[in-house]
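Chemist: Could you slot chain B onto chain A? The hints should help.
These protein sequence lines map, in sequence, to chains A and B.
Letter 7 of the first sequence, counting from 1, is numbered 109 in this note's numbering, and no numbers are missing.
Letter 34 of the second sequence, counting from 1, is numbered 298 in this note's numbering, and no numbers are missing.
Hints were generated in silico from the structure; no laboratory data involved.
Idealized CB from N, CA, C, for every residue including glycine.
One or more of the hints may lead you astray.
Sample of chain B residues at the chain A side, in silico, Cβ under 7 Å [said to hold, decoys possible]:
| hint | residue |
| --- | --- |
| 1 | E343 |
| 2 | I432 |
| 3 | I438 |
| 4 | P439 |
| 5 | P443 |
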Amino acid sequence: MNLETLADTLGLKCKCCWEKLKSTEVKGGYAGDLLSDVMANSSAGDIWVTRQVHQNIVAVASLKDLAGIVVVQGASPDKETVDRASKEGVPIMVTDMAKFEVVGRIYRLLSEG
Amino acid sequence: MGESGPEIFRCNLHIHTCLSPCGDLDMHPRAVVEEALAQGLDIIAICDHNSSENVPYVIRAAHGTPLCVIPGMEVCTREEAHVLALFGEQPQLSLLQDFVYANLDGLNDEDAFGLQPIVNEAGEVEGFNERLLIGATGITLEALVSRIHEYGGLAIAAHIDRPSFSVIGQLGFIPPHVPFDALEISARLGIRGGRDRFPELSAYPFITSSDAHFIQDIGAACTRMALKSPCIAEISMALKKQGGRYIEEDA
Numbered sequence: 103m104n105l106e107t108l109a110d111t112l113g114l115k116c117k118c119c120w121e122k123l124k125s126t127e128v129k130g131g132y133a134g135d136l137l138s139d140v141m142a143n144s145s146a147g148d149i150w151v152t153r154q155v156h157q158n159i160v161a162v163a164s165l166k167d168l169a170g171i172v173v174v175q176g177a178s179p180d181k182e183t184v185d186r187a188s189k190e191g192v193p194i195m196v197t198d199m200a201k202f203e204v205v206g207r208i209y210r211l212l213s214e215g
Numbered sequence: 265m266g267e268s269g270p271e272i273f274r275c276n277l278h279i280h281t282c283l284s285p286c287g288d289l290d291m292h293p294r295a296v297v298e299e300a301l302a303q304g305l306d307i308i309a310i311c312d313h314n315s316s317e318n319v320p321y322v323i324r325a326a327h328g329t330p331l332c333v334i335p336g337m338e339v340c341t342r343e344e345a346h347v348l349a350l351f352g353e354q355p356q357l358s359l360l361q362d363f364v365y366a367n368l369d370g371l372n373d374e375d376a377f378g379l380q381p382i383v384n385e386a387g388e389v390e391g392f393n394e395r396l397l398i399g400a401t402g403i404t405l406e407a408l409v410s411r412i413h414e415y416g417g418l419a420i421a422a423h424i425d426r427p428s429f430s431v432i433g434q435l436g437f438i439p440p441h442v443p444f445d446a447l448e449i450s451a452r453l454g455i456r457g458g459r460d461r462f463p464e465l466s467a468y469p470f471i472t473s474s475d476a477h478f479i480q481d482i483g484a485a486c487t488r489m490a491l492k493s494p495c496i497a498e499i500s501m502a503l504k505k506q507g508g509r510y511i512e513e514d515a
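Pulled out of the complex, with its shape left as it was, chain B reads as follows:
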């Protein structure tokens, strides 16, 4: 009896929903799932700004489809750097959510920043998040990464090639003592472009994602990962190149 080897999964691990104030209102859970499937994606992660309240609905919208939805969040640290937090289970994400909300001040101004609707899998508005989700938390980069790991998640520095809200933009370089699991390169540059621009970061795994705020951007980028099944544990192994799992950088 032969055990099957890893297969290539198309992953887009940074997608917003309408809950993000800058996210298009058309990005409701079912629409995100339908477009991800139409784009041939196998795994997506939902990462709204400082919030995860649409995650359960996207997971429900994907129920019965081949799409795997990873619970996640894009947290803004005290230094105003964006970090993706990805988890295997929703309760782990809920722990991080409590920590983030406890360190996030202010109320949203819908006219200035946009609406923050919580929308269910049927497209019905469940309510509006009133917090200032676009704001920075009071959490340091070090404390955030440490807390993500404590709760069993993966910490990925978001869009490090972008001048704004990236660890490199805010802090000049990736602090070597912060144990990121991977670094994300924006869709425009891509993994190969990132390798050319950041030779000093060759020891880090790179991923690329669409960071989609609009439906038409969901298919703008994907990271091809060789996994045995679509789950966070396998993604973690691919980042570490363990057990035959890997990230395909040439695609």
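Isolated chain A (complex conformation):
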């Protein structure tokens, strides 16, 4: 599934890198707020669901070649975070939904293919 379909289905708001959504394939997902854990256990192509908004999330997503970042619970990524994500080509999307609901819906979407 591409990132644009996923974002549209869940009603996510994109903060940067709109142009990459259609061409980015989501291969799986990972959820976590401890960046050390995400660095150790996420896989390339994962959509990453997190409540963390520090600009280090961009570096982790870039390093692990993640498909994009979904920031949950209405949290607003810092300007520095969004600027850096734009520069590094990492899509950041936001939603008011809680992490539990976002993860459940993404899991079902990806399972149904």
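Modeler: Positioned in the frame of chain A, the structure of chain B alone reads:
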């Protein structure tokens, strides 16, 4: 006339008191000072969670002893990373305290998190702090370090080798744009262990501290610093290896 060179001072720059909800009630100011002296420490810093209200009493308890007490605080940032703030003077710490309290929500639940007593140098309870000191402030890591420096203090990332409440645990790595004055390695790993584990951080000064929450842990670690006198300005010079001051890493 010869000027005397630096001497080695034994420093433990991260010690809690009973004010921290997770700190043992036996960690009252006089007991902390007595144990620090018994352990042969020359300099300690008092760093309670998001609060500094026992600092003046520890300083008074050490009055007339050879122990130097540095005013400090362990602040929890918005990212839930712990940072030590160390100052030369109590008024500087008070400025940071105002900033921290203005950005710290919630009230303590003593049954869930523990008591937060303010205890004087005679061991008498002056009152209880009612704030949720165990909580995270709304202050970003960048804003905190910048504010500590603005008030003339040193900013040290706490226990970076620990998985919880450390900058590396929360944020994956030390953000290179955040100007930490030093990084703290926990007592279990020590400075040498830290150097082995974090070769990419070789440009940063390392210290190790006990992060003591219990009296018997106060002597669990110390950083040996070559200083001319026990004060924050000399510690700052040692971190920067200036003027013959340094941190002894081989001990």
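Chemist: Against this structure, judge whether each hint is valid.
Modeler: Each hint tested on the structure:
no.	hint	result
1	E343	holds (5 Å)
2	I432	holds (6 Å)
3	I438	violated (9 Å)
4	P439	holds (6 Å)
5	P443	violated (15 Å)
The structure does not agree with the numbered hints 3 and 5 stated previously, though it agrees with the rest.
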